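Novice: Two chains, two frames, a set of hints: combine them into the complex.
The primary structure of each chain is shown beneath.
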Amino acid sequence: MSKVNLAIFFLVWSLADIACAQGPADAIVQKMEAACTRVCHGPSLIAQQRLDVAGWTRELNKMVGWGADIAGSEKEELSRYLAEKFNNTRPRPSSSQATPEGKAKNVFQTSCLGCHDVTLIARLKADRAGWTRAVERMVNWGAYIPPGRKEDLIDYLLTNFAQ
Amino acid sequence: MNRREFVLSNAGFLLQAATIKKDLIIRSESPADFETPVQLLDKGWITSNEDHYVRSHLPFPNVQLNEWKLAVEGEVNRSLNLTIPDIRAFTELTRTVTLECSGNGRAFADPPVPGLQWEKGAVGTARWTGIRLRDVLMKAQVKPAAKHVILNGADLPIRAVPDFVRSIPIEKAMHPDTMLAYRMNGDAIPIYHGFPLRLIVPGWEAAASTKWIVGISVSEAEASGFFMQTAYRIPNRPVAPGTIVDPKDTVPYTALNVKSIFTSPLDGATVPVGSSIQLRGFAWAGEADITRVDVSTDAGRTWNIALLDNDKARYTWRRFRYMWRAPRTGSFVVMSRATDSQGRTQPLAASWNPSGYMYNVSDKIQINVKG
Chain U
111 MSKVNLAIFF
121 LVWSLADIAC
131 AQGPADAIVQ
141 KMEAACTRVC
151 HGPSLIAQQR
161 LDVAGWTREL
171 NKMVGWGADI
181 AGSEKEELSR
191 YLAEKFNNTR
201 PRPSSSQATP
211 EGKAKNVFQT
221 SCLGCHDVTL
231 IARLKADRAG
241 WTRAVERMVN
251 WGAYIPPGRK
261 EDLIDYLLTN
271 FAQ
Chain F
-12 MNRREFVLSN
-2 AGFLLQAATI
8 KKDLIIRSES
18 PADFETPVQL
28 LDKGWITSNE
38 DHYVRSHLPF
48 PNVQLNEWKL
58 AVEGEVNRSL
68 NLTIPDIRAF
78 TELTRTVTLE
88 CSGNGRAFAD
98 PPVPGLQWEK
108 GAVGTARWTG
118 IRLRDVLMKA
128 QVKPAAKHVI
138 LNGADLPIRA
148 VPDFVRSIPI
158 EKAMHPDTML
168 AYRMNGDAIP
178 IYHGFPLRLI
188 VPGWEAAAST
198 KWIVGISVSE
208 AEASGFFMQT
218 AYRIPNRPVA
228 PGTIVDPKDT
238 VPYTALNVKS
248 IFTSPLDGAT
258 VPVGSSIQLR
268 GFAWAGEADI
278 TRVDVSTDAG
288 RTWNIALLDN
298 DKARYTWRRF
308 RYMWRAPRTG
318 SFVVMSRATD
328 SQGRTQPLAA
338 SWNPSGYMYN
348 VSDKIQINVK
358 G
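Chains U and F, in that order, are what the protein sequence lines are.
Residue 111 is where the first sequence starts when you use the working numbering, and the numbers rise one by one after that.
Residue -12 is where the second sequence starts when you use the working numbering, and the numbers rise one by one after that.
Calculated directly from the structure, the hints in this document are not laboratory data.
Note that the coordinates shown come from a computational prediction; the quantities given were computed from them, not determined experimentally.
All C-beta atoms, glycine included, are put in the ideal place defined by N, C-alpha and C.
Hints may be right or wrong, so weigh each one.
[Said to hold, decoys possible] Label pairs and their computed distance ranges (CB to CB):
1. U:182 / F:329: 46 to 54 Å
2. U:213 / F:78: 45 to 53 Å
3. F:224 / U:181: 33 to 41 Å
4. F:143 / U:162: 30 to 38 Å
5. F:227 / U:197: 45 to 53 Å
6. U:257 / F:33: 52 to 60 Å
7. U:144 / F:128: 23 to 31 Å
8. U:201 / F:143: 33 to 41 Å
9. U:197 / F:9: 29 to 37 Å
10. U:187 / F:286: 24 to 32 Å
11. F:143 / U:213: 53 to 61 Å
[Claimed, not checked] Taking beta-carbon pairs under 8 Å as the criterion, some of the chain U residues facing chain F (in silico):
12. 159
13. 161
14. 205
15. 207
16. 216
17. 250
18. 254
Next comes chain F alone, as it looks inside the complex (with noise of 0.2 Å):
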């Protein structure tokens, strides 16, 4: 892709961002990657289109539906080219999934690491509809050798910026959760999310979930390229930080963490003395279940469960809230700490690595109380 073709193909997020995106953060313009400020999280547990955070490496491919194929080839016995109509002619099913970005939260990182800043957005939870992957791969007939499932968008690199390419591995693959998604909360999925087709990968690290997928390689060995053997990799061992670390001293990032956020108030918030407020927001665990969430009010000291929502569903956040009556005046630290069915629990510090990825500390707000 040249200079002309980069233009014209960003002329579209240009004109997204300023209209369909208009409340979301810019960290990037193209290409395009927007953050969802926690106000609009707060709204619902289902996060709409207009507000689910974006995040592309390469610009947007320039997709002709009529033309469109999903070619399936390598480990299997039977090479496919399928058709739009093809792929509507598999099961249909729908899976509530929050996705996250392996890097939500790099730009708490001490000392600072290099790539998209973001804070505590990069997270939404929508409807995804559409087939299973094994589906697809059952009917190409995979080979016993295969062992990894390499997926590309049509979104092209310009110059010699690697092809955004990654694998997952074909137990992960033929997970029956694991879909190839045309739709999004009902809608056709928006060209900004993957349209027409893109991998959803509950419970991964968002990365995994590839969009605009048109070609789908059955390998026995992972993909080579720099965003799947350098990018989404953290150490395989607790290093210093500032450290510098060889990727071969590195692991493939997976599934999410134990995570939660306040979504409201916001921090700095300031509140009458003796009001009762609601602290709220989300916590989420990829493959596993929250199941509790802790609030300290008195910066750790002590917790206090809060209530959960009845929404919830497997791979999905699940909204807490907790009253709490403003005692005093003053200027109160408010942590949220939740814990997950495999026994995982949000650390207090956070453990550095060279990318910002999996930051999960407790969240932190301060509230102002006045008199």
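Bound-form chain U, shown alone (with noise of 0.2 Å):
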């Protein structure tokens, strides 16, 4: 392997586990990461879900079938987890709402709309460390943000939506 492939590697391999890697350490947590978001898809597309304890057990049967290993006991709490975080009070994505000029437009369109509502993001009225704390708890659970916008994001929201 080339040194260019080997340094394509680490960044390709850092990049995938960055959402887990930050994650909250608790059990159930972790189980998620091992059955699922390290193996068979992102964080992205269990963060975008807005579903009940029902519906989350339904998709965790399917999954199952399809090969993640999660036991049965560990299901129901799983389900109730994945409940709480990820249900229907959480906004739908507006990603096709106006959002004002600046430098990080795109990546606040495509990086926050995509799960939240401007409205929402403009009520949370934070500063510069409130906004960071944000941005990386939100990477936490899934949102991707192209590498090296991550400041950039975070000048936006300060700019536009401050204390």
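Specialist: Okay, structure coming up:
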């Protein structure tokens, strides 16, 4: 493997694992990472859903049928966790909404509005530390921010939705 | 495919997501599912390869062009193993086709349904160049018993995930506009759009247009797997929101609905009072033609006919435009409603189904007019 290929490999490996590695350390999240997001698909696929316990149970049953390593006893707990985090109380995505101009406008539209309504974000009103925490939390939950654009996005949020 | 192979095969998409498709919404990083923001669709009648949405069910295949072959078998008198030069020897054609994911608009389902939460941008229009599927089938000498053509791509599932295998009826396969494409907008099809060869089934929901094709099997029966017998199906009768529907009470979703979306201005835009605003977007209708688009600037109380651009082709969207003078300050609900040559018109309210397919409610944006 050439140096370039090696570098690409480690870049990709770190990108693939970034959302998992920074997540909360409780057992159910680790189980989800081991069974789902490190194996078959990325975390975004989970984070965008808005399902109740019955809906998540149906999805988990399908995934178990497709080979996901989730024991029967873990399934109920995982369904409850997912329904608590990713349910119908979350706003619909709104990526076709008008947004303020700025260097990271595209990143804001694709990385944030794929899951949230502009007005919800505008209500947060945070300082730099607050927006940094919010962005990092979203990355942990599966948001994709193009490499090298996180600080631009935080600047954009601070400029347009400051305290 | 094991985890190591999965991560390696996904290496491609992550780099591509960060570079080539940098302005698209990443609905799923792996497998790669990217949505086009409507403001990028607004650039023109043809969607560029960089801006076109991407839908994948499995990791991208590792295509070795010198080893690539297309196998044709099943209910045929002559099984074939075609190389790229063999494919290029057939008569070439180009068709401009609007592709739309069957779940485009799923994010608006109420109650929510599982799956990629596409909003408006899982749709795009490209010029596809390739050969007729029927020419290949005729060379293989299809037997009279043939009823369906099963298409399989080189993409492989991991664990017990079903392979993405779909079929189309023989009549659609033999239609002169159904093609095996190798170029997209004049360039070799990018890997994320199906390099080196993909099916294009004009007018049908895009899951019929299998990517990375390596296998064609002519059959008496539909494909038997999950992606034909459970997914991409709609209830055979209207159902109450939230109903669980048995697959046996469903039918395959085939030809696209009539639909329109605004691409400019964006929802929630602010404009000055008295200014003239061009309200524009696209309308499409699968196998039918768009005959008119109406626009309302008063939440559907009254409707006005929009102008349609001259750019048109069968199976392709039409750009519509309506000039509106912002009459007074306030917040206005602007709607679009398309009608097609089959007499179909977009509904004003959604019919729910368990997978969020076929969403085609009149599009609605809010425009704020300020003094």
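Novice: Hint by hint, note whether the structure agrees.
Specialist: Here is how each hint holds up against the structure:
About 49 Å separates the C-beta atoms of residue 182 of chain U and residue 329 of chain F, a value consistent with the hinted range of 46 to 54 Å. Between residue 213 of chain U and residue 78 of chain F the beta carbon distance is about 49 Å. The supplied range of 45 to 53 Å therefore holds. Distance hint check: the CB atoms of residue 224 of chain F and residue 181 of chain U are about 38 Å apart, consistent with the given range 33 to 41 Å. At about 33 Å, the beta-carbon gap between residue 143 of chain F and residue 162 of chain U stays in the expected band of 30 to 38 Å.
A hinted range of 45 to 53 Å for the beta carbons of residue 227 of chain F and residue 197 of chain U is inconsistent with their spacing of about 21 Å. About 29 Å separates the C-beta atoms of residue 257 of chain U and residue 33 of chain F, a value inconsistent with the hinted range of 52 to 60 Å. Range check, residue 144 of chain U to residue 128 of chain F: Cβ separation about 51 Å, and the 23 to 31 Å hint is violated. At roughly 36 Å, the beta-carbon separation of residue 201 of chain U and residue 143 of chain F lies within the given 33 to 41 Å, and the hint holds.
About 31 Å separates the C-beta atoms of residue 197 of chain U and residue 9 of chain F, a value consistent with the hinted range of 29 to 37 Å. Checked against the given bound of 24 to 32 Å, the beta carbons of residue 187 of chain U and residue 286 of chain F, roughly 45 Å apart, lie outside it. Separation of residue 143 of chain F from residue 213 of chain U is about 40 Å and departs from the stated range, judged on CB atoms against 53 to 61 Å. Annotation: interface hint on residue 159 of chain U holds; nearest CB of chain F at approximately 6 Å, less than 8 Å.
For the restraint placing residue 161 of chain U at the interface with chain F, the shortest Cβ-Cβ distance is roughly 6 Å, inside the 8 Å limit, so the hint holds. Hint status for residue 205 of chain U: holds, given a least beta-carbon distance of 5 Å to chain F, under 8 Å. With a least beta-carbon distance of about 5 Å to chain F, the hint placing residue 207 of chain U at the interface is held under the 8 Å criterion. Evaluation of the residue 216 of chain U hint against chain F yields a held restraint, the C-beta minimum of about 5 Å falling below 8 Å.
Look at residue 250 of chain U: its Cβ only gets to about 14 Å from chain F, farther than 8 Å, so that hint breaks. Below 8 Å, beta-carbon pairs count as interface contacts, and residue 254 of chain U has one with chain F at about 4 Å; its hint therefore holds.
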